[in-house]
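Student: Sequence:
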Amino acid sequence: MSHVDFRLQPRVDIEGRLPERALGRALARWVLGHGGSEALAALAARAAVAELRGDTALPPLPADEAAALRAEPLVGDGRVRTPFVLDAEGRFYLWRNHLHEGEVAAALAARLADATPLGMDEAELAALFPGGDPATDGAQRQAVRAVGGRRLVVLTGGPGTGKTTTVLRMLLRLLRDGIAARDGIAVAAPTGKAAQRLVQSLREEGERLRDVLPAAWAEHLDALPTAHALTVHRLLGWSPSRNRYSRDAENPVDAGVVVIDEASMLDLHQLRALLAALRPGATLVLVGDADQLDPVGAGSVLMDLVAVLEARESPALVRLRHSFRAVAPLVALNEAVRGGDPDALQAALAGSEGLARSFAVEDAGALARRLRHWSDALAADGPPAPLPAGDEAGAVAATALGGLAARQLLCALRDGPFGAEAANEAIECRLRQAWGVPADLAWYPGRVVMVTRNDYGARLFNGDVGLCLRDADGRLRVWFAAAGGEGVRALPPAALPAHAPAFAITIHKAQGSEYGHVAVLLPPDPEHRILSRQLLYTGLSRAKRSVELWAPASSTLAALVRRMARAGGLAARLAALAIHSPDANRDPHDPA
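Numbering (the UniProt record's numbering), first residue to last: 1 to 592.
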């Protein structure tokens, strides 16, 4: 049998192009071919499949089963390199996952311990929040206080709680302290779309504050990193041909302050690479909603880190709770889901004054009726008119693109009769009928698509949404918001990278986005493994003004009560480490 790298580094996307059972069988054969037992082969296959589903280890094994495995030459305790690891608690790992968990836990603990908290004058802090009220932005002020003198700060909160505006003020504080000004700032996000949103939000908030901040603060606005949107892959210098990052301890990221937005999308291996590529003295700010869906890759690093820091009441963690954008009934709805409380969810729906509605979509017929109603609302205004000639075309296209955020259908599944693909097909069929578009025309004015693969040459990224419009001369082009919020641009349909219809998208694809009105479609089978509280929360919390839930009560309840917890040992390792916090016992609101 040919040699197989026992670190096992399958790069399998969420669509499962490499069948799980085939991977499991391949690893089982490798184990048997290298002298392992049938029991070890079966466990190795389970661990490989579990990694594809997000686990970094198998849950603790029974004592007798663990004792038998410890005698296997291919299994170690993690102190020396072996293909598989059985830790002291009985968790079974592929070597790479055990190694990376240990490295991540140690690096995070070191950053938490390396803190010399710096005080901040309350008058200076208040000047950063002109017209603000500590009753609503108190946690934001706490985050600005916390970032001074720390090497790791975690900022978490739901949609509309002001995470990006808080980050901007944290950066201004670091610029004033001289740290960011001396060593530079890098901001990034796991996806190109999220990175663009981050840079655009920083630019817009900076411009809004330019005329209201005192000069001592406003002078730092031009130093904010708003020119380029970086993905984490680009920040770390990912090379597909070499299958590795160019940034590491020997060639670190050239910045003294690094901000990662949408950190809930980071998997274990990405966070490990990021921590390894930071300067020892750099400040890392992780920003995201810890209650959202876990990343596509293995691990749940932000959720694990937040849980440990919250249990310790660490001042390195700040949770934002006040929503500045969503209407009050939706805030109550999201909090009910976040807490997994069925009674609170029913109360929130009943008291929403029609802003949150539930439809019992239990079968194909009920779904078809909801999709017809949804499609008719989309079609009501007719297809978009041709764009005007000249410079006005871009402005009109920008307005039309902005209008796409008014409503969005989000599906738990991609495939199957209750998935996004089928919903898109039904919606497009209805629109074609309503607008008189021939069935054989792939492109027509009003068609909405989403890019599904990064194309740096075209400056389009996974998650970018495009709208097909007709030019004044009759040509069809697809319009996108330009990177970093710099206007709009158009490409011929044939020039687009891989893309898919986007009248309906998966909840996974909607992470980090917000829409005026949202419909969330769940599968009618309450036993479906995709249903979870994180999924339901992520879908419903995308809505800013109103929301519909398309699901039978059984599926809603199943999602609500099933909080998915990925198997692994990162949280336990972090909790076990003696993390010294210089001000762990200090009141977090004390500015001193």
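Mixed in with the good hints there might be a few duds.
Okay, the calculated beta carbon distance ranges per label pair [unchecked claim]:
| # | residue 1 | residue 2 | range |
| --- | --- | --- | --- |
| 1 | A63 | E38 | 17 to 23 Å |
| 2 | E122 | R210 | 43 to 49 Å |
| 3 | E38 | E250 | 20 to 26 Å |
| 4 | D415 | R357 | 41 to 47 Å |
| 5 | R372 | G402 | 48 to 54 Å |
| 6 | E527 | A377 | 56 to 62 Å |
| 7 | A63 | R25 | 24 to 30 Å |
| 8 | F324 | E250 | 40 to 46 Å |
| 9 | P73 | R25 | 29 to 35 Å |
| 10 | A405 | L491 | 16 to 22 Å |
| 11 | A495 | R242 | 26 to 32 Å |
Hints listed in this document are in silico derivations from the structure and should not be mistaken for laboratory results.
Note that beta-carbon positions come from the ideal geometry of N, C-alpha and C, so glycine has one too.
Student: A separate judgement is required for each hint: does it hold in the structure or not?
Tutor: Do the hints match the structure? See the list:
Range check, A63 to E38: about 20 Å between beta-carbon atoms, so the 17 to 23 Å window is met. A beta carbon spacing of about 23 Å between E122 and R210 contradicts the range 43 to 49 Å that was offered as a hint. At about 43 Å, the beta-carbon gap between E38 and E250 misses the expected band of 20 to 26 Å. For D415 and R357, the Cβ-Cβ distance of about 27 Å falls outside the hinted range of 41 to 47 Å, so the restraint is violated.
Taking 48 to 54 Å as the suggested C-beta distance range, the pair R372 and G402 does not conform, at roughly 26 Å. For E527 and A377, the Cβ-Cβ distance of about 32 Å falls outside the hinted range of 56 to 62 Å, so the restraint is violated. At roughly 28 Å, the beta carbons of A63 and R25 sit within the given window of 24 to 30 Å. Evaluation of the 40 to 46 Å hint for F324 and E250 yields a pass: the beta carbon distance comes to about 43 Å.
Remark: the range hint 29 to 35 Å for P73 to R25 is contradicted by a beta-carbon distance near 22 Å. Against the hinted window of 16 to 22 Å, the Cβ-Cβ separation of A405 and L491 comes to about 21 Å, which satisfies the hint. Evaluation of the 26 to 32 Å hint for A495 and R242 yields a pass: the beta carbon distance comes to about 29 Å.
Hints 2, 3, 4, 5, 6 and 9 from the earlier list are contradicted by this structure; the remaining hints agree with it.
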